[in-house]
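There are 2 protein chains.
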Amino acid sequence: MVNDIANRKARRYGMVIGVKPDKIEEYKRLHDSTWPGVLKKITECNIINYSIYLKELEPGKFYLFSYFEYTGTDFEADMEKMAADTTTQEWWSVTKPCQIPLCGEDSWAMMEEVFHTD
Amino acid sequence: MVNDIANRKARRYGMVIGVKPDKIEEYKRLHDSTWPGVLKKITECNIINYSIYLKELEPGKFYLFSYFEYTGTDFEADMEKMAADTTTQEWWSVTKPCQIPLCGEDSWAMMEEVFHTD
Numbered sequence: 001m002v003n004d005i006a007n008r009k010a011r012r013y014g015m016v017i018g019v020k021p022d023k024i025e026e027y028k029r030l031h032d033s034t035w036p037g038v039l040k041k042i043t044e045c046n047i048i049n050y051s052i053y054l055k056e057l058e059p060g061k062f063y064l065f066s067y068f069e070y071t072g073t074d075f076e077a078d079m080e081k082m083a084a085d086t087t088t089q090e091w092w093s094v095t096k097p098c099q100i101p102l103c104g105e106d107s108w109a110m111m112e113e114v115f116h117t118d
Numbered sequence: 001m002v003n004d005i006a007n008r009k010a011r012r013y014g015m016v017i018g019v020k021p022d023k024i025e026e027y028k029r030l031h032d033s034t035w036p037g038v039l040k041k042i043t044e045c046n047i048i049n050y051s052i053y054l055k056e057l058e059p060g061k062f063y064l065f066s067y068f069e070y071t072g073t074d075f076e077a078d079m080e081k082m083a084a085d086t087t088t089q090e091w092w093s094v095t096k097p098c099q100i101p102l103c104g105e106d107s108w109a110m111m112e113e114v115f116h117t118d
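Chains as they are written, first to last, in the working numbering: chain A, 1 to 118; chain B, 1 to 118.
Just chain A, with the same shape it has in the complex (with noise of 0.2 Å):
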């Protein structure tokens, strides 16, 4: 749980999804060993400090919350150089099964930045 992280501008985001109680563990697992290729892709988007978290917020209600920093001048062209990456969509293939969006969302919601100190 130690990072090291280079001096650098970065814009913070933090976005949240449910998971499916019985998907946890592989989901889990899914990350316990990242393929390269997709950390690779995530480096190449100028995303850095990426960390995802997990808690049960009610009983039997499973969420999880990532935060990143971004360092590059185009997020949406990155995300969609991401998107376009046929690793990243394998990979995606198996998270997004295991993942519940909020409501009304397809995918991973952005979260509203209420505090933030340096």
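Among these hints, one or two may not hold up.
Pulled from the structure, derived: some chain A residues nowhere near chain B, Cβ distances all over 12 Å [stated by the list, open to error]:
no., residue
1, Pro21
2, Asp22
3, Lys28
4, Glu56
5, Ser66
6, Asp74
7, Ala77
8, Asp78
9, Met79
10, Glu80
11, Gln89
12, Trp92
13, Lys96
14, His116
If you only want the chain B side, here are some residues facing chain A, beta carbon under 7 Å, derived [as the list claims (entries may be wrong)]:
no., residue
15, Arg12
16, Lys28
17, Arg29
18, Asn46
19, Tyr50
20, Ile52
21, Leu54
22, Phe65
23, Met111
24, Glu113
25, His116
In short, the hints are calculated from the structure, not lab data.
Note that the Cβ used here is the ideal one computed from N, Cα and C, for glycine as well.
Once you have looked at the hints, place chain B on chain A.
Then chain B, alone, in the frame of chain A:
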């Protein structure tokens, strides 16, 4: 939403707590102008890159998610130092009434990190 982060080693923490729907505006207003003494104590306790996010996960169910990095060597001791600070205690006396701890918790609940890439 842009921050400038110095080179560092950090230990990451993700936490979650509920927030009362009728207290969200007050919570956001408080954090829009967090007391300088509270921010100073956060820094003195070796916490950096501290963000709080808000999201409605189900109709009428709102949650706060915090992410921060700890650069010290004794987290428990630094948290005790923060809890002993009278300004921080006053701050908590106005922010805690906005919050709804998860079942079985009395404050922010720690989340499990299931993925990280620098």
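Hints versus structure:
no. : hint   : in the structure
1   : Pro21  : holds, 14 Å
2   : Asp22  : holds, 16 Å
3   : Lys28  : violated, 5 Å
4   : Glu56  : violated, 8 Å
5   : Ser66  : violated, 8 Å
6   : Asp74  : holds, 15 Å
7   : Ala77  : holds, 18 Å
8   : Asp78  : holds, 15 Å
9   : Met79  : holds, 16 Å
10  : Glu80  : holds, 20 Å
11  : Gln89  : holds, 18 Å
12  : Trp92  : holds, 14 Å
13  : Lys96  : holds, 15 Å
14  : His116 : violated, 5 Å
15  : Arg12  : holds, 6 Å
16  : Lys28  : holds, 5 Å
17  : Arg29  : violated, 10 Å
18  : Asn46  : violated, 13 Å
19  : Tyr50  : holds, 5 Å
20  : Ile52  : holds, 4 Å
21  : Leu54  : holds, 5 Å
22  : Phe65  : holds, 5 Å
23  : Met111 : holds, 4 Å
24  : Glu113 : holds, 6 Å
25  : His116 : holds, 5 Å
When each numbered hint is compared with the structure, violations occur for hints 3, 4, 5, 14, 17 and 18.
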